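**Student:** In case you want the letters, here they are:
2 protein chains.
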Amino acid sequence: MERHGRHFQDELDELKGRLLEMGGLAEERLRLAVRSVVDRDNALVERVLVGDAAINQLHIEIDDRCFKLLALHQPMAVDLRAIVAAVKINTDLERVGDLAVNIAEAVRRYLRHPAVKELIDIPKMAELAQVMLRDALDAFVRRDVDLAQQVLAQDDDLDSLKTQVFRELLTYMLRDASTIEPSLDLILISRHLERIGDHATNVAEDVIFMVSAKDVRHQ
Amino acid sequence: MERHGRHFQDELDELKGRLLEMGGLAEERLRLAVRSVVDRDNALVERVLVGDAAINQLHIEIDDRCFKLLALHQPMAVDLRAIVAAVKINTDLERVGDLAVNIAEAVRRYLRHPAVKELIDIPKMAELAQVMLRDALDAFVRRDVDLAQQVLAQDDDLDSLKTQVFRELLTYMLRDASTIEPSLDLILISRHLERIGDHATNVAEDVIFMVSAKDVRHQ
Chain A
0 MERHGRHFQD ELDELKGRLL EMGGLAEERL RLAVRSVVDR DNALVERVLV
50 GDAAINQLHI EIDDRCFKLL ALHQPMAVDL RAIVAAVKIN TDLERVGDLA
100 VNIAEAVRRY LRHPAVKELI DIPKMAELAQ VMLRDALDAF VRRDVDLAQQ
150 VLAQDDDLDS LKTQVFRELL TYMLRDASTI EPSLDLILIS RHLERIGDHA
200 TNVAEDVIFM VSAKDVRHQ
Chain B
0 MERHGRHFQD ELDELKGRLL EMGGLAEERL RLAVRSVVDR DNALVERVLV
50 GDAAINQLHI EIDDRCFKLL ALHQPMAVDL RAIVAAVKIN TDLERVGDLA
100 VNIAEAVRRY LRHPAVKELI DIPKMAELAQ VMLRDALDAF VRRDVDLAQQ
150 VLAQDDDLDS LKTQVFRELL TYMLRDASTI EPSLDLILIS RHLERIGDHA
200 TNVAEDVIFM VSAKDVRHQ
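Top to bottom, those sequences are chains A and B. Numbered by numbering that gives the first Met the number 0, the letters in the first sequence go through residues 0 to 218 in order. Numbered by numbering that gives the first Met the number 0, the letters in the second sequence go through residues 0 to 218 in order.
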């Protein structure tokens, strides 16, 4: 740490703060998108769809900060891995924002039909995905490998919920053709939520690599 | 170029070669996965599913090369951007390999049912996704912004095909409930192909940023 001095560490802390901010924005958009389908709230759908200008701006700013840190400070070892991890995490968070838009698009179509069923597993999936995302980012900031490992473990639960949603909706579709279109959108929503969990998993893997220089992918 | 000398440029060329190799492997797996559904070939499905050990190994090796280049050579400007782009492209290509597995999983389920229809648009989507991927990687190696722009333009065609596939299959499902399950898998396959196009788009955007230091995302 002494090697780069105060200025570098301040910049790195600033970078982490921005990533947390971006994570918070992505999480908030996910929360709104899922609430829009649970509450059948078209106005909320539109709020998610108007765009994520703040996330997009942060995405570019964070990338830029990473480049400057790499170019001006020539970090080594864990600091270098932290900045490359930040580049990757930045991409993952931006995709989470995009997926919130994809969810809102599916909700918009879904709300044109009567409700297929009371939604239980989809809000559960969203809750789990949010927890994973938050934990993964906390693990990054605190360089906490145990917390990152917990995130990896939770991904299986999300996967089971997705399979459950699929099976249940399939029975509805087979029984009553009028549920086919709206069920398709619920299935898509559950897939988008699963992908948000995948992004949280990516972040957790980056944290483990950053801290331990150990590659846990592909094991 | 003179700044880092011969050795650095050799290493950078080696890195590019590895990325092309990885792109070739990912493309080959995509090709096999799509052929397995067109030819209804279960043996081919299993070949894709046994795993992508070669891709996973390259994924780790390429990441490692990028870290070493960043740590040992402290590259600046376009070289720095090229290496950070390589880290990102590496991630995108690995995801393409995963998506080939996802396609094969859907094909395995699909082949338990009689064919819903002759497949025309799905092979077309696969062909387009492959071209986009190849062009994006060529653009990276040649630092060719025009070619990268072409890739971005093709993404709309892929999107239209996906919508067409969805609409057509929906009419089948509404008409005949026995087509619901297999149609769902075809819809998933088309979504996976669309995502492969998204990864090609990411690569193209990285190329444009690498060459021109201009961020074309979020415009």
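To be clear, the hints were calculated from the coordinates, so they are not data collected in a lab. Honestly, I wouldn't trust all of these hints.
The list makes no distinction among identical chains, and a pair is therefore deemed to hold if it is satisfied within one copy or across any two copies.
Said to hold, decoys possible - DSSO-like, lysine-lysine: derived pairs with alpha carbons at most 27 Å apart: (1) LYS15 / LYS213; (2) LYS67 / LYS15; (3) LYS116 / LYS213; (4) LYS213 / LYS67; (5) LYS161 / LYS67; (6) LYS67 / LYS116; (7) LYS123 / LYS213; (8) LYS15 / LYS116; (9) LYS161 / LYS15; (10) LYS67 / LYS123.
All values derive from a computational prediction rather than experimental measurement.
**Student:** At most 27 Å between alpha carbons: which applies to LYS67 and LYS123, within, between, both or neither?
**Tutor:** The answer is neither: 40 Å in one copy and 42 Å across copies each exceed 27 Å.
**Student:** From the Cα coordinates, with 27 Å as the cut-off, is the pair LYS116 and LYS213 best called within, between, both, or neither?
**Tutor:** Neither. Shortest intra-copy (45 Å) and inter-copy (47 Å) distances fail the 27 Å Cα cut-off.
**Student:** Which holds for LYS161 with LYS67 at a C-alpha limit of 27 Å: within a copy, between copies, both or neither?
**Tutor:** Cα proximity of LYS161 and LYS67: none, with 40 Å in one copy and 39 Å across.
**Student:** Is it within, between, both or neither when you check LYS15 against LYS213 at 27 Å Cα-Cα?
**Tutor:** both (21 Å within a copy, 24 Å between copies)
**Student:** How do LYS213 and LYS67 come out at 27 Å by Cα distance, when the copy is not named: within, between, both, or neither?
**Tutor:** For LYS213 and LYS67, the Cα distance is within 27 Å both inside one copy (26 Å) and across copies (15 Å).
**Student:** Is it within a copy, between copies, both, or neither that the alpha carbon of LYS123 lies no farther than 27 Å from that of LYS213?
**Tutor:** Close neither inside one copy (32 Å) nor across copies (40 Å); limit 27 Å.
**Student:** As a check of your reading, is LYS161 near LYS15 (CA-CA no more than 27 Å) within one copy, between copies, both or neither?
**Tutor:** neither (32 Å within a copy, 38 Å between copies)
**Student:** Could you figure out if LYS67 and LYS116 sit no more than 27 Å apart (CA to CA) within one copy, between two copies, both or neither?
**Tutor:** neither (51 Å within a copy, 54 Å between copies)
**Student:** Checking LYS15 and LYS116: alpha-carbon separation at most 27 Å within a copy, between copies, both or neither?
**Tutor:** Intra 41 Å, inter 51 Å, cutoff 27 Å: neither.
**Student:** Regarding LYS67 and LYS15, is the shortest C-alpha distance of 27 Å or less found within a copy, between copies, in both, or in neither?
**Tutor:** The answer is both: 14 Å in one copy and 23 Å across copies each meet 27 Å.
Of the hints listed earlier, those the structure fails to meet are numbers 3, 5, 6, 7, 8, 9, 10, in rising order.
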